[in-house]
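S.K.: Here's the letter readout for the chains.
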Amino acid sequence: MSLSVPADIEKEIDERITHYPVSRRSAVLPVLHILQRHFRFLSEDAVSWTAAKLGLEPIQVLEVVTFYPGFRQEAPGKVHIRVCRTLSCAMAGSYELLDNLCQAAGIDASRMGHHHPFAVSKDGRFSIEFVECLASCGSAPVCLVEDELHERVSPETAPDLLARYS
Amino acid sequence: MADDLVNVQIDGTWHQFPKGTRMIEACRQAGVEVPHYCYHPKLSSPGNCRMCLVEMGMPPRPKPGEELTRDEDGRLPIQWMPRPVIACANTVSENLGIRTESALTKSCREGVMELLLINHPLDCPICDQAGECRLQEFSVEHGTGGSRFREDKVKKPKNVDIGPRVRLDDERCIMCSRCIRFTAEVADDPVLGFTERGSHTTLAVHPGRRLENNYSLNTVDICPVGALTSTDFRFQMRVWFLKEIESICTGCGRGCNTEVSSREGSILRQTPRENNEVNSTWMCDRGRLDFHYVNSEARLTQPLLKGSEGHRAVSWKIAVKTLADNLAGFESSKIAIIASARLTNEDLYLVRRLAQQLGVKELDVIARLGEDDGYLVAADRNPNSRGAALVLGLDSEPGSRVCGIRRDIESGKIAALLAIGEDLTSPEAGFSPALLSQLEFLGQIHHTANSTADAAAVVLPGATSFEKSGSMVNVTGRLQRLAPVVPLPGEAREDWVILRDLLQALDGGNGAGSSDEVFSLLAQEVSAFEGRTLAGISPLGEVLLETGETVPLLEREKERIAKGEIVG
Numbered sequence: 001m002s003l004s005v006p007a008d009i010e011k012e013i014d015e016r017i018t019h020y021p022v023s024r025r026s027a028v029l030p031v032l033h034i035l036q037r038h039f040r041f042l043s044e045d046a047v048s049w050t051a052a053k054l055g056l057e058p059i060q061v062l063e064v065v066t067f068y069p070g071f072r073q074e075a076p077g078k079v080h081i082r083v084c085r086t087l088s089c090a091m092a093g094s095y096e097l098l099d100n101l102c103q104a105a106g107i108d109a110s111r112m113g114h115h116h117p118f119a120v121s122k123d124g125r126f127s128i129e130f131v132e133c134l135a136s137c138g139s140a141p142v143c144l145v146e147d148e149l150h151e152r153v154s155p156e157t158a159p160d161l162l163a164r165y166s
Numbered sequence: 001m002a003d004d005l006v007n008v009q010i011d012g013t014w015h016q017f018p019k020g021t022r023m024i025e026a027c028r029q030a031g032v033e034v035p036h037y038c039y040h041p042k043l044s045s046p047g048n049c050r051m052c053l054v055e056m057g058m059p060p061r062p063k064p065g066e067e068l069t070r071d072e073d074g075r076l077p078i079q080w081m082p083r084p085v086i087a088c089a090n091t092v093s094e095n096l097g098i099r100t101e102s103a104l105t106k107s108c109r110e111g112v113m114e115l116l117l118i119n120h121p122l123d124c125p126i127c128d129q130a131g132e133c134r135l136q137e138f139s140v141e142h143g144t145g146g147s148r149f150r151e152d153k154v155k156k157p158k159n160v161d162i163g164p165r166v167r168l169d170d171e172r173c174i175m176c177s178r179c180i181r182f183t184a185e186v187a188d189d190p191v192l193g194f195t196e197r198g199s200h201t202t203l204a205v206h207p208g209r210r211l212e213n214n215y216s217l218n219t220v221d222i223c224p225v226g227a228l229t230s231t232d233f234r235f236q237m238r239v240w241f242l243k244e245i246e247s248i249c250t251g252c253g254r255g256c257n258t259e260v261s262s263r264e265g266s267i268l269r270q271t272p273r274e275n276n277e278v279n280s281t282w283m284c285d286r287g288r289l290d291f292h293y294v295n296s297e298a299r300l301t302q303p304l305l306k307g308s309e310g311h312r313a314v315s316w317k318i319a320v321k322t323l324a325d326n327l328a329g330f331e332s333s334k335i336a337i338i339a340s341a342r343l344t345n346e347d348l349y350l351v352r353r354l355a356q357q358l359g360v361k362e363l364d365v366i367a368r369l370g371e372d373d374g375y376l377v378a379a380d381r382n383p384n385s386r387g388a389a390l391v392l393g394l395d396s397e398p399g400s401r402v403c404g405i406r407r408d409i410e411s412g413k414i415a416a417l418l419a420i421g422e423d424l425t426s427p428e429a430g431f432s433p434a435l436l437s438q439l440e441f442l443g444q445i446h447h448t449a450n451s452t453a454d455a456a457a458v459v460l461p462g463a464t465s466f467e468k469s470g471s472m473v474n475v476t477g478r479l480q481r482l483a484p485v486v487p488l489p490g491e492a493r494e495d496w497v498i499l500r501d502l503l504q505a506l507d508g509g510n511g512a513g514s515s516d517e518v519f520s521l522l523a524q525e526v527s528a529f530e531g532r533t534l535a536g537i538s539p540l541g542e543v544l545l546e547t548g549e550t551v552p553l554l555e556r557e558k559e560r561i562a563k564g565e566i567v568g
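So the sequence lines, in the order shown, correspond to chains A and B. For the first sequence, the working numbering begins at 1 and goes up steadily by one. For the second sequence, the working numbering begins at 1 and goes up steadily by one.
In case anyone wonders, no lab produced these hints; they're calculated from the structure. Just so it is clear, CB atoms sit at the ideal spot from N, CA and C, and this is done for glycine as well. Accuracy of the hints is not assured; some may be wrong.
Stated by the list, open to error - Computed from the model, here is a short list of chain A residues facing chain B with C-beta under 8 angstroms:
1. E44
2. E57
3. I59
4. L62
5. E63
6. H114
Looking at chain B on its own, in the form it has when it is part of the complex (with noise of 0.2 angstroms):
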């Protein structure tokens, strides 16, 4: 045995575990959940719920000259307390007995339950958190079934505007200060808090402040109970309805893991899943929320070639052809492309083979750059940009050429242009629609409609990265990979079977036929990948990279683990 591990019997099975594990850790190590709603492993575990109640026992103290005997595996008898103990604030010791379905637990849990649902109302029905509600879940496992409350209920305020994002009944609220804590601990913006306590205790913001950091939806995850609901999600959809598919954040270069809800070809939302390399278990309000343009009307859903009478819907066929013929009637030096760095490595490495076969020395990304926010935003914007200088082979900063780009257009050095997932006339690119029309040629792939597009001679369709998969580097260095969640709308298609087709009209070779296959195309060409494949990337992710860039949120959760404040 080693000597940091200590001997605990769960349940009248003995398991090992490191001295100072939770009591309620050990029981879920060992594969048994004690029920609990203000204990999350994140945060500090202020004890108040009393939902984790259980029995604990420890050896007798002997008599003096008493020896205890031991039984033939080496343990000492266990003399169980008379009263139950909180799993989630006490850690386990040598000999160290738990109980979690005695009936001195089972009861402490109905008693818990019962005082619980005294002032909770029986709206259900209409709750947003029906369905993922730890209060319906174990009201129906450990609760009772009925009330022996008679007396009229507390009244509270119910649909409180706390902040732009979060709404607040706190008829619902059961106290359990998970959202009070992350506010204070995680988010440092302490705007919630808990005013009249007694009977009456309410969850509440000062009058003159708001829960209205970047980070506020957080705490619709982390309550247990329907007190706090999004304002984007509520009412939209019943919470087993949605079909969950795991993926990733592309709002910024951080790649926060995300678990994407949809229903019906519509994504509902999005919400943080647990990765402790790369967001803990949290993502910001402004990442969550950006899948709204997925359905937009905006969005290109078929191919079109531009005419004397504007736009006009083609066949992919005849696009595509239009488009090679086009890109293949102009001398390499006179062609660039500007692809995105939001695209996947896998359209990327597309994107490579287009530039070889054209000759195209003129090529580069859109640099989108902000402020690092010193929780999980990062500076870099691009979900995709370390991906892009790796497949790419930018050999220098992504989106350093742009500028030369749009002075070459302007002395006429560069005539034909193709934009792969970028607007030209946003901001961040800076084209102005003048500088377009100087072109002689200029080709739009993208999945929403925009000034360039307008601009284009040819404008195919392409996909969010909600709709297609393949992987991205995060700027830690981390190769992630991304979920198909919704499918395309209309005859929309993923970029790199766009791409794909392009490379087959332009050499009249066999293109790849899965993202898979383009993966193991640019692992064989770009040594980075080598010996890696798209469906062996794990669910989170693995380092492609040693870029030595640290996390400040993950670093300040490490430090708060090591001085045994929150589990982690």
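One chain only, chain A, in its complex shape (with noise of 0.2 angstroms):
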């Protein structure tokens, strides 16, 4: 199997690789962030595709994308949605948004772990990840579904958030 990348995509990334002529590896982070813009998230074929485009062994790009949390390597869902749980959106109560907007969308918390870092619902609409800092520590508890922010999402409006992406 090998992944097939859209001819622009491509062009695209073949750009980006130009901006690190000393060392092509450098361009790993960038590569990836516009595969899994694309592609939603980062697959086995994925990464051997990285290796491949910039001569290196596939276990240098799995280093960088098991790395860093913000990097997916299994599909979520239609809509992600990004829940803080560092220390002021936790006492703001994001344990609670974070349970009832699971529950709300249907999704298994019980699921999530160290190497399952988000949870999708059955109906794949949804998928919903417990992050650390968002950086909005102000507006606790904040979310971030898909690109957008919201701030202070009080937990009884989990349904609403929801609805507004249906």
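The two chains are supplied separately, each in an independent frame; assemble them into the complex guided by the hints.
M.R.: Right, here's the structure in full:
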């Protein structure tokens, strides 16, 4: 199996690689970002494709993918929600928010763990991830739905939040 | 004081070292071992294990107008820095001070040990590394004996199949990264890496890749713990029961220096021994594992004579006499001798004497050519081609007469053949059993049963290179010594003993009493060996021939030393 990367995406990647003339290895991170943006997650094939593209061993790419929690190795739901778990948000109720969101989306939160940082709803519409600080402590609790930041999300409003993306 | 030397105080005593010496090496030279895991002189120094932390001091910066006072020896005072430094990646400078036994250094080691052991399983009783484990040793030497960790240890993959010869236990890994650096920097096959960096850091290969290059087992040698173990050696023997003997590998013409470990007469493993003129600290997997044939069921253990009902065992005396009588019964022009470039110089010297005694002109060895792999494996897969050429006085390339000998057997010009240390039906030798059956007489001296022995009228059981003492000359012209590691099976004898007895049976004279004596006779007759003795050959060998040949791996290592990337 191999990754089929659309021509425009590959063109964008090729251009980005030129920003790193000294070491192509440095281009791993931006290439992975472009691929994840397009495919929504980084499959094994995406890792191998990146390695071949940059003339690296696949393990050298996998090292980067597994280090950053921002890179997903499994397919997320149509709408990916990241709930902040760090101090301010935790104190302001983010654990409850997470529970409510999971319940509203029909997600089994017990499936989340170190090796599976997020869980996907059965219908595939939502996936929820409990993440470290989203850098908006003053407006806790916060969550990031795709690229949109939602501030002061009270746990009770979880169903309303999901409804806006349904 | 030479300009390039600097004065360094180590644990209160002053020493001199070349400028640029790593602190850890300076300490080692001064007889002080600084414990370390990630540092390896042949690899880059990432400084990630923190075990070599030491206290460092240097002269204080004087206040404006102030002059530092020197003591009677001319040393400046040392101001100790409040924080420790890693000794592996820092170099010495003038008037530097190092404390390896101070309270700060000790508490650093205790702390590092405690952290390393947090997630390490307490499975020493079933771990192959036990007994040669740095974590175990330093834990005793520098650890606290207890752990304050009450939480659950991180679970990681165990018994991971990362390659055909190496097994990985990720829970034992202390993330020193030596194996990763070896595969990337020395073997040029960077298949290993750390995934999930953080509290779950895991050594891994990519799902589609394997650690299967011909140098993979070196990672087992340099792994300071039991994370990487040899599939071949694991669970075979506790290392403290092993008897270790220095020898050389005979897998190819490189002659990598080795340490062969055995127990009760069985070889259990072979590991490389450092020799910076031959193999650095590495060796190839193929050569390393090429010892199992020593314990083979097919070993010849008794002298055999062929009769109407196949081979039967006879005494050495009868067997040797039969061989001598048979050979003496042929005109010298009808006899050929095919020896082996896997034999020692001493064996080959007696082959030379035998040929002289019988007046045999058709004398050669079997060539074994492969490809130079650009690292250590030499194109010449015989360990002693250079020795054979010198000792036998071959005037052409070793192996070049074999084709002619085959033709002469076919035409009937040669009627008697003695094969020593070679199976003539092997692909390299290229004699067919049909061709051998055309001979009136075939004699064989070899350690293992084979088709040549099947066809031979007289079969004398010889020794493998793990059972004989002697010397060989490697492809770069280095004379190196071989040591007997295990006793011979059954009635088998060292080849030089067999050849000496054969010579005695032919000429009635007295032969040499030891391989040392054979070497002395050789040194008198062959000028290249003049003035040398077998016992006098250093454990690291000595240059016998100036061949100008270089070892690709060593050349790359020298470049990296010159750049300061590695210590060497």
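S.K.: Hints first: check each against the structure and report whether it holds.
M.R.: Here is how each hint holds up against the structure:
{"no.": "1", "hint": "E44", "result": "holds, 6 angstroms"}
{"no.": "2", "hint": "E57", "result": "holds, 5 angstroms"}
{"no.": "3", "hint": "I59", "result": "holds, 4 angstroms"}
{"no.": "4", "hint": "L62", "result": "holds, 5 angstroms"}
{"no.": "5", "hint": "E63", "result": "holds, 5 angstroms"}
{"no.": "6", "hint": "H114", "result": "holds, 6 angstroms"}
When each numbered hint is compared with the structure, no violation occurs for any of them.
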